[in-house]
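Q: Residues per chain, in single letters:
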Amino acid sequence: MRSLWLQVAAVTAINLKSIGQRRWLSLSTVIAIALVVIVLLAFLAMANGFQRTIAGSGADDIAIVLRAGSQAEINSTVSRDQVRLIEDGPGIARGSDGKPLISPELYLVVDGIKRSTKTKANLPLRGIGEQGTTLRKDIAITAGRMFNRGSNEVVVGKALLREFEGFDVGSTVSFGASRWNVVGVFEAGGSVFESEIWADLNVVQSLFNRNNVVQTVRARLTGPAALNELKSYSDNEPRLKLDVKSEAAYFAEQASQTSDLIQKLGWPLAIAMALGAVAGALNTMYSSVAARATEIATLRAIGFGGFPAFVGTLAESLLLAVIGGLLGAAATYLIFDGVTASTLGGNFTQVVFDFKLSPWLIAEGVALALIVGLIGGLFPAVRAARLPIVEGLYAR
Amino acid sequence: MTAEHPMIRLTGVAKRFTKGKETISIFDHLDLGIPRGDFIAVMGPSGSGKTTLLNLLGGIDRADAGEIAVADQRIDGLSEGELATWRAANIGFIFQFYNLMPMLTAAQNVELPLLLTRLNRKERAERVHTALSVVGLADRTKHRPREMSGGQQQRVAIARAIVSDPNLLLCDEPTGDLDRQSADEILSILQLLNGELGKTIVMVTHDPAAANYAKRVLHLDKGRFVERELAA
Chain A
725 MRSLWLQVAA VTAINLKSIG QRRWLSLSTV IAIALVVIVL LAFLAMANGF
775 QRTIAGSGAD DIAIVLRAGS QAEINSTVSR DQVRLIEDGP GIARGSDGKP
825 LISPELYLVV DGIKRSTKTK ANLPLRGIGE QGTTLRKDIA ITAGRMFNRG
875 SNEVVVGKAL LREFEGFDVG STVSFGASRW NVVGVFEAGG SVFESEIWAD
925 LNVVQSLFNR NNVVQTVRAR LTGPAALNEL KSYSDNEPRL KLDVKSEAAY
975 FAEQASQTSD LIQKLGWPLA IAMALGAVAG ALNTMYSSVA ARATEIATLR
1025 AIGFGGFPAF VGTLAESLLL AVIGGLLGAA ATYLIFDGVT ASTLGGNFTQ
1075 VVFDFKLSPW LIAEGVALAL IVGLIGGLFP AVRAARLPIV EGLYAR
Chain B
26 MTAEHPMIRL TGVAKRFTKG KETISIFDHL DLGIPRGDFI AVMGPSGSGK
76 TTLLNLLGGI DRADAGEIAV ADQRIDGLSE GELATWRAAN IGFIFQFYNL
126 MPMLTAAQNV ELPLLLTRLN RKERAERVHT ALSVVGLADR TKHRPREMSG
176 GQQQRVAIAR AIVSDPNLLL CDEPTGDLDR QSADEILSIL QLLNGELGKT
226 IVMVTHDPAA ANYAKRVLHL DKGRFVEREL AA
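So the sequences go chain by chain: A and B. When we follow the working numbering, the leftmost residue of the first sequence carries the number 725, and every step to the right adds one. When we follow the working numbering, the leftmost residue of the second sequence carries the number 26, and every step to the right adds one.
Quick caveat, the hints were computed from the structure, so don't treat them as lab data. Careful: at least some of the hints might be erroneous.
[Stated by the list, open to error] Derived DSSO-like pairs (lysine-lysine); straight-line CA-CA distance at most 27 Å:
hint, chain 1, residue 1, chain 2, residue 2
1, B, 46, A, 741
2, B, 167, A, 741
3, A, 882, A, 1080
[Claimed, not checked] Chain B regions said to be covered by chain A (calculated; three or more residues, Cβ under 8 Å):
hint, region
4, 46 to 59
5, 82 to 93
6, 123 to 129
7, 132 to 144
By construction, the Cβ of each residue, glycine as well, lies at the ideal position given by its N, Cα and C atoms.
Produce the complete structure using the sequences and hints provided.
A: Take a look at the structure:
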């Protein structure tokens, strides 16, 4: 056994040391594998960034109430009477003044112009109740001030301001027939709310003729366990045909739909490219075996077995794959990590997010590279192990 | 052409090659006996089967019929794995183009057969040093093949062939790529290995001057041997 490992180590070292003799072919394989990994990781970083932005927006102790069966806020309707019933529901926390901590909200789609492409895109205008900001984590005004209740003023999320033009503090924007003054910019801990425009609920209802309805109600719970109490109350109250979810669960659902779609685009594309890279790796490794035929045959003539030749060839292929994988991961990190993009979220409005690589995603990319290297090296390795000695000795 | 306990014994060996639909017979019922400690030069026209004979003796090619025994051991029935083990213990190969690993130093090249043994690192290093000393290259251990002349590379190849102390050296045109002076140096070393260390040597060559270093010359023609004794 010791001898076998010595043989394997010797043949592997010989193979790896001889890569320089085939540097251009080896380099082309490394680059092909790196490109595969870049494509895959770019998509995965996009999906991951999107998911982190959306899923990180919700809290476990905030309930979100929507019309039964509504997949998203955009297609939900909650009447004024239903809001009153929710206010009296169990498990809802109350402020020092005894009032329930809830925020009825109206979610509308308005137009915006993307800075990068100068094209129109859907943006979310959210009318929030008095408790709207206190029901969300890490809300802070970073420029200007908060809108005044009862006035046609808006504040915009900082991600939205970065990606869309015309929302600088002091400017006036038109949504349909109404005109609004931008009076402030807010941040929200990197959450999806930074992609929104906020205004006073009553003014939004009035100017968009939605006086008696809202789309969702957010409520602070006395604790995460109180969610079931509120659900039970809603299920047993005939006047409330509503879905009650934790905000965290709601956003997790929203995030998974789009990020699944991104991943479903990314993986097939990366796999299609990986097939090309496998062909490249096969070509490189068959050439490697052909170039080393005399060396392999000489070692076999001396008494080395076929297994070390197999392992040595496979090790060369896997080394090229690992280099390609790490190169691809490094390139993706340098090119894409932190890059801001926007895409349609579950509410058919733009969600601004950053591409985000993670160690796990990098591991996925390198694993794909290793699979390419494994398949690309396997058949040439078998050929190396089975190479007739006489044929190899006189292959020059 | 047999001996009582020969180092090499071929009995009724046949070897054929198929080229397309044509079958070419290299040997048909070939018999041969080579005593221990002999130094045989095998000559003959191209295509006469000299190298094929060497490959059969070294267990890297298989006969279609007949028996091949080396040092009283039949090798014609061994599996690939058994043959590899047998080669490692019994055979030293010397090739025309040296067949050294270009990325390894002289010492690393010579050490390769010892990786198949149970020797530890220190013992291997001692053996490598001894083998390189025998061929006069003890001071070139760290040189790579490209840093050495053809003659020096062939001497490294000889050191590799003898480092595990095999009984039989099989040399395929060992001076075919060398100038006269280097060739004479290599042949002198082979003579030394035969005369002083008792190695049995079978050397295929086209060069009559090289053949003169052997004790006997076998001419192989049309699948049969014709022997010529040389002065010792």
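Q: Look at each hint and say if it fits the structure.
A: Here is what the structure says about each hint:
1. 46/B with 741/A: violated, 42 Å
2. 167/B with 741/A: holds, 16 Å
3. 882/A with 1080/A: holds, 18 Å
4. 46 to 59: With 0 residues close enough to chain A, the hint is violated.
5. 82 to 93: Held - the region 82 to 93 of chain B has 3 residues with a Cβ nearer than 8 Å to chain A, which meets the minimum of three.
6. 123 to 129: With 5 residues close enough to chain A, the hint holds.
7. 132 to 144: Holds: 6 residues of the region 132 to 144 of chain B have a Cβ under 8 Å from chain A.
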